[in-house]
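*Asks:* What follows is each chain in one-letter form.
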Amino acid sequence: MTANLLASDGQAFEPLTDAFAQNPYPAYAALRDKGTPQFFADFDMWLVTRFDDVAAIARDISMVRSPEFFMSEEEITEQKRLQNWLDMPHHQRFVQFSMLDSDGEVHDRLRKQVFREFTPAFIARQRGMIERFVEKLVDSLIGKGEIDFVEELAAQVPGHIIGRVLGVPDEDCPQLRVWSERVVQFFDIDRSDERKALAEQATTEFYHYLLKLMAERRRAPQEDLITRLMAAQDAGALNEDELVSTCMLILMAGHGSTIDVLGSGMHALLRFPDQMERLKADPGLIHTAIQEMFRFESPLPFFHRYSTTDCVVGGQGFPRGTKFGLLYGAANRDPAQFENPDTFDVGRNPNRHLAFGGGAHFCLGNHLARLDMEVIFTTLLKRLSSISLVDAEPQYKRGLSVRGPKVLRLALTPA
Amino acid sequence: MYRVTFIDADGQVTELTAQQGQSVMSVAVANGIDQILAECGGSCACGTCHCYVDDAWIGRLAPPDDSEQGMIECLMNPTTRSRLSCQLKMSDALDGLVVHLPREQY
Ligand code: HEM
Ligand code: FES
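Protein chains in written order, with this note's numbering: chain A, 391 to 805; chain B, -13 to 92.
Among the hints, erroneous ones may be present.
[To be verified] Now the stretches of chain B that chain A is said to cover, found in silico as 3 or more residues with beta-carbon under 8 Å:
no., stretch
1, 22 to 36
2, 51 to 63
[Unchecked claim] Counterexamples of contact, computed for chain A against chain B with all Cβ distances above 12 Å:
no., residue
3, Asp450
4, Met461
5, Glu464
6, Lys470
7, His497
8, Phe505
9, Thr509
10, Gln546
11, His743
12, Val797
Calculated directly from the structure, the hints in this document are not laboratory data. The model shown is predicted, which means the values in this text are computed figures rather than measured ones. Backbone N, C-alpha and C fix where the C-beta goes; we use that ideal spot for every residue, glycine too.
If we strip away everything but chain A, and leave its shape as in the complex, we get:
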């Protein structure tokens, strides 16, 4: 049953409507203005929207991702049955278990196995590779006059780059995108049996693909993440299921999110032409411009935590086991933290946004996502003399968990 009402005052909150998809920010502001977390029965959780509250929960080690600390084995099984998960053996084994959904020692151990590949020093070494890849892609599009920026450009980059870090050959990357989209579809708002079957099948195929890739690396090790993870497995640092799950998480977490923020970031530059001109005139602003794109249209605006102790949020007390919904997208527009929060300012600095979360689960791929964006926007602004919107009002994806345009048709004029 969805009622779309807040428990405190019965006011409507309708995150699955088209109006919300086009502009969620008035609804976020209304939630923030209430001052305290708001119970939303449809999701069975307390929505937290003020910057300080969201940041405090994300960074609090007593707030966890997995509810299992306060549930018995039977309750866990019962919940999985209720959520209809038990008949998805591979999805359950590799997707529903992950670094993201583990806490404490397991989380630390898994994260330690992969963090090197995503640190600033390692990511900086990928710059040349990303630049060559993007340059070639832009060569192939620049004469076209009109493109769908989302499909033809944004969607072509992040998967390939993550694929290369992981060790997936270029020719297999398009298939990875299909799998990862099907696997995450399962989490969509309108989950159906058909989508469930698709998600399970994609996970299974993905698993068999990774097994094959691992067998190849066994014969001929390479300088890539999958080879290093296999060495870690041999050393007893993680088991094979954890290895597969981690590879899948890395591929899925960084894929759709980067595509979405490339689209919404480009759209923001077009909605604020003075900011586009400012960035063109001073390319040194690219770092702050990209941070502002993440703040302004946070592509993954919603994650959850459970409290493991009695706690106080926004001045209100909550018992152990409370589920909180952290609305990063709402926190990032909080006027108590950001001056003129609804203005897109490519020079905003400092800009301590929460688009990558905070605390132990702080986005592993943040440097890679930012570098992809930096290379793409820098290349486009250099190679195009003008970019303009074909449809004045691009449609955005529906739902609380994602934010980005479905399609962004652009007219391009080469420089």
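Position chain B with the ligands relative to chain A; hints supplied.
*Replies:* Relative to the frame of chain A, chain B with the ligands by itself:
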């Protein structure tokens, strides 16, 4: 109350006070030292609270643990004086600590 001093890449000096057990990162963030980003909020998971401990102090600190050391090796421009400020907790032994800030964290 303890004292801790931050010196930025241009040589600008900021002296601040800290509580027992407070991390150097949290002193910086609470006082608007923008070079300390601290994106993970002190979980030793982001490497954006990098600082260089002053020569006079480096020998007086306990060495980094494995997880801090692993992160330090992956920072931009690490040196033997590199530390994660979220892992430095103020105490009697650190009263008067001086740290230098990188121009940028990444
Ligand atoms: C637009 C780009 C991206 C955004 C907005 C984003 C956002 C986030 C956020 C908000 C979280 C924390 C979730 C929470 O608070 O519970 C997270 C975690 C994570 N992200 Fe990203 N992400 C992006 C790109 C990437 C990329 C490119 C990768 C990898 C290649 C990646 C890998 C991960 C992983 C593995 C985690 C889980 C980390 C953990 O649990 O310790 N992300 N991301
Ligand atoms: S604040 Fe993230 S490592 Fe120190």
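*Asks:* Work down the list of hints and note, for each, if the structure agrees.
*Replies:* Here's how the hints hold up against the structure:
1. Closer than 8 Å: that is the beta-carbon criterion, and the stretch 22 to 36 of chain B has 9 residues meeting it against chain A, so the requirement of 3 holds.
2. Here's how the stretch 51 to 63 of chain B fares: 6 of its residues keep a CB closer than 8 Å to some CB of chain A, so the rule of at least three is met and the hint holds.
3. With a least CB separation of 9 Å from chain B, A:Asp450 falls inside the 12 Å interface cut-off, contrary to its annotation.
4. With a least beta-carbon separation of about 25 Å from chain B, A:Met461 lies farther than 12 Å from that chain, consistent with its non-interface assignment.
5. Distance to chain B confirms A:Glu464 as a non-interface residue, since its nearest Cβ pair spans about 32 Å, more than 12 Å.
6. Its beta-carbon lying about 29 Å from the closest one in chain B, A:Lys470 satisfies the requirement of being farther than 12 Å from that chain.
7. Non-interface call for A:His497 relative to chain B: violated, since the shortest CB-CB distance, roughly 10 Å, does not exceed 12 Å.
8. The Cβ of A:Phe505 does not lie farther than 12 Å from every Cβ of chain B; its closest approach is about 7 Å, which violates its non-interface assignment.
9. Against chain B, the non-interface label of A:Thr509 is violated: not every CB pair exceeds 12 Å, the least being about 3 Å.
10. Even its closest Cβ contact with chain B, about 25 Å, leaves A:Gln546 beyond 12 Å, as expected for a residue assigned away from the interface.
11. Separation of A:His743 from chain B is inadequate, the least Cβ-Cβ distance of about 10 Å not exceeding the 12 Å criterion.
12. A:Val797, annotated as away from the interface, keeps every beta carbon of chain B farther than 12 Å; the closest lies near 32 Å.
When the structure is compared with the earlier hints, violations turn up for hints 3, 7, 8, 9, 11 and for no others.
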